[in-house]
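These protein sequence lines are chains A and B, in that order. Residue numbers are given in the working numbering: position 157 of the first sequence equals residue 157, and the series is strictly consecutive. Residue numbers are given in the working numbering: position 271 of the second sequence equals residue 271, and the series is strictly consecutive.
A few of these clues could be false.
Each pair may be met inside one copy or between any two copies, as identical chains are not told apart.
[To be verified] In silico DSS-like links for lysine-lysine, alpha-carbon gap of 30 Å or less:
no.	residue 1	residue 2
1	Lys171	Lys37
2	Lys14	Lys37
3	Lys106	Lys250
4	Lys171	Lys106
5	Lys106	Lys272
6	Lys176	Lys283
7	Lys283	Lys37
8	Lys272	Lys14
9	Lys106	Lys283
10	Lys11	Lys176
11	Lys176	Lys37
12	Lys101	Lys283
13	Lys48	Lys37
14	Lys101	Lys176
15	Lys11	Lys48
16	Lys14	Lys171
17	Lys37	Lys272
18	Lys130	Lys101
19	Lys283	Lys171
20	Lys11	Lys106
None of these hints come from the bench; they were simulated from the model.
2 protein chains.
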Amino acid sequence: MKVTTVEEYLKARKNIVDDALDRYLPGEDNFPGVIFKSVRYSIFAGGKRIRPILCMASAEAVGEDRETVLHVACALEMIHTYSLIHDDLPVMDDDDYRRGKLTNHKVFGEDIAVLAGDALLTEAFRLMSKRELAGNIPADRFLTVINEISEAAGFLGMVGGQVVDVRSEGKEIDEKTLNYIHTHKTGALILASVRAGAIIAGAGEYELAALSEYGRHAGLAFQIADDILDIEGERELLGKNIGSDKSRGKATFPAFFGLEESRRMACELIDKALSDITMLDGKAEPLRMIARYIIERTV
Amino acid sequence: MKVTTVEEYLKARKNIVDDALDRYLPGEDNFPGVIFKSVRYSIFAGGKRIRPILCMASAEAVGEDRETVLHVACALEMIHTYSLIHDDLPVMDDDDYRRGKLTNHKVFGEDIAVLAGDALLTEAFRLMSKRELAGNIPADRFLTVINEISEAAGFLGMVGGQVVDVRSEGKEIDEKTLNYIHTHKTGALILASVRAGAIIAGAGEYELAALSEYGRHAGLAFQIADDILDIEGERELLGKNIGSDKSRGKATFPAFFGLEESRRMACELIDKALSDITMLDGKAEPLRMIARYIIERTV
């Protein structure tokens with residue numbers, strides 16, 4: 001794949017992920033049709049596919065082919081999408097729009113939206129455990145990856161972060177709580193995405209440790225950048241109510257530290273992410289490109 | 001374990017499962033406390049543990065120790081419990097009580113109830129993929145079991161059944177739809193419970209086929225028996241509104257075929273379940289005992 005800019009790289013990778021998701025997910029002609037329509041509606045609602053892209057780039061950094069981890073990469077996107085569907089529910093964040101499109105429950109009803117989230121989460125594990133997609137990779141690597149991803153997505157990770165987030169709305173929170181929310185609600189699954197690619201690729205101890213630090217730093221920078229964009233971005237570009245996080249008293253870095261300091265923190269995290277993987281060779285170049293891009297979006 | 005009656009057997013097995021669930025689930029002192037309280041509230045709300053008991057009995061029928069599959073058995077109960085928490089939500093069945101106790105969302109709020117269900121489903125996969133609990137069983141057996149259980153729980157199984165169930169309420173449905181709901185909403189996970197135990201135990205092709213037929217027949221009989229109990233049982237005994245399924249126009253066997261015919265169908269299914277496993281030796285006796293008990297409850 002000949003790529004000249006990071007935008008082209010990300011677009012090409014997004015296409016690969018979108019095609020694979022379309023192949024892996026049962027069609028809308030399956031019974032009962034409404035659940036497959038609902039699941040596909042949210043999966044193809046225009047996500048950036050940052051988690052699957054990181055997963056594939058991480059496998060490649062260790063010397064494995066991206067095809068080998070493609071189904072695990074897609075499973076990560078399913079888990080991310082399920083979390084968005086449930087987060088948008090009236091009993092949670094109560095959002096009518098996401099990325100310029102009506103949220104799942106506004107189109108299919110709240111009952112189906114709950115079930116579509118449940119189905120996507122479950123399907124992620126079905127996909128990761130498919131032996132016919134494992135190639136010649138040992139089964140125990142997939143078991144390890146399933147274990148890490150479920151830890152990152154559950155009450156010790158993403159769900160835990162969401163619990164603290166919904167229960168903090170409109171309250172004064174301290175820096176420790178802000179950090180807990182971000183490292184758990186978003187950071188844990190991004191870190192797991194990077195680690196998953198590396199583990200399936202058979203990364204050595206030092207490679208895995210380096211990539212984990214990269215994932216930790218880039219993941220938090222990504223969330224801070226998203227918070228900045230939420231405030232600064234334009235409605236047309238992002239397709240959701242700008243400043244909606246702030247208006248509800250959400251715990252965000254810009255709300256806590258201000259825009260300038262948040263931008264400085266994100267830059268510092270990206271510097272760390274880049275230095276975390278200096279020991280890796282040219283095959284890690286896409287990971288470096290993605291890290292720099294996270295910051296470029298916000299300036 | 002010396003047991004004289006099926007009730008004693010089931011009680012002893014339930015205690016084993018309860019103790020294991022208590023060990024496996026993080027304590028309420030973990031942060032954020034509310035999610036661990038919420039998860040534990042529903043897990044320890046008095047379930048019969050029929051899925052884990054079947055999983056262990058199936059492993060034993062093949063000659064494996066029940067301890068080997070205990071964590072998979074508990075994971076099945078977590079998936080069952082998550083489905084109950086989400087089913088009870090106001091946007092789904094809107095139930096205030098289950099087994100005589102307030103439902104999860106009535107105690108912890110709807111946001112936490114959604115997240116508690118999500119957390120339990122995710123935790124089930126974390127538990128099944130724990131390598132330190134795998135003993136000397138090959139990793140690929142666990143991968144197979146995770147794949148089968150996620151298929152049984154997802155949109156091609158339990159979630160699919162629930163979709164058709166909630167979308168059929170108050171409507172005239174045909175026998176095909178009734179069968180779809182029951183084989184998917186309840187039957188699929190019970191079948192997967194029996195198969196999971198057998199697969200981890202290393203069942204041969206014929207044993208697995210026999211146990212699968214047993215699981216299919218006993219699973220459907222169990223659901224019919226539950227429907228009969230829902231109509232006939234006493235409020236004090238079951239702790240939920242008797243006839244509540246019928247009053248909402250739920251698709252049940254007694255509502256469709258009448259009580260007598262439903263009872264006859266359940267008996268016939270149990271006869272089939274028993275004959276499915278005639279080729280298995282005395283180690284399958286608990287499975288036979290459980291099958292007969294399913295019917296005895298309803299007369």
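Verification of the supplied hints:
no.	hint	result
1	Lys171 with Lys37	between (37 Å within a copy, 22 Å between copies)
2	Lys14 with Lys37	within (21 Å within a copy, 39 Å between copies)
3	Lys106 with Lys250	both (22 Å within a copy, 25 Å between copies)
4	Lys171 with Lys106	both (28 Å within a copy, 23 Å between copies)
5	Lys106 with Lys272	neither (41 Å within a copy, 46 Å between copies)
6	Lys176 with Lys283	neither (36 Å within a copy, 55 Å between copies)
7	Lys283 with Lys37	neither (38 Å within a copy, 46 Å between copies)
8	Lys272 with Lys14	within (26 Å within a copy, 51 Å between copies)
9	Lys106 with Lys283	neither (43 Å within a copy, 53 Å between copies)
10	Lys11 with Lys176	neither (36 Å within a copy, 45 Å between copies)
11	Lys176 with Lys37	between (40 Å within a copy, 22 Å between copies)
12	Lys101 with Lys283	neither (37 Å within a copy, 57 Å between copies)
13	Lys48 with Lys37	within (20 Å within a copy, 35 Å between copies)
14	Lys101 with Lys176	neither (34 Å within a copy, 36 Å between copies)
15	Lys11 with Lys48	within (9 Å within a copy, 51 Å between copies)
16	Lys14 with Lys171	neither (37 Å within a copy, 42 Å between copies)
17	Lys37 with Lys272	neither (42 Å within a copy, 37 Å between copies)
18	Lys130 with Lys101	neither (32 Å within a copy, 39 Å between copies)
19	Lys283 with Lys171	neither (45 Å within a copy, 59 Å between copies)
20	Lys11 with Lys106	within (28 Å within a copy, 45 Å between copies)
Violated hints, listed in ascending order, are 5, 6, 7, 9, 10, 12, 14, 16, 17, 18, 19; each of the other numbered hints is respected by the structure.
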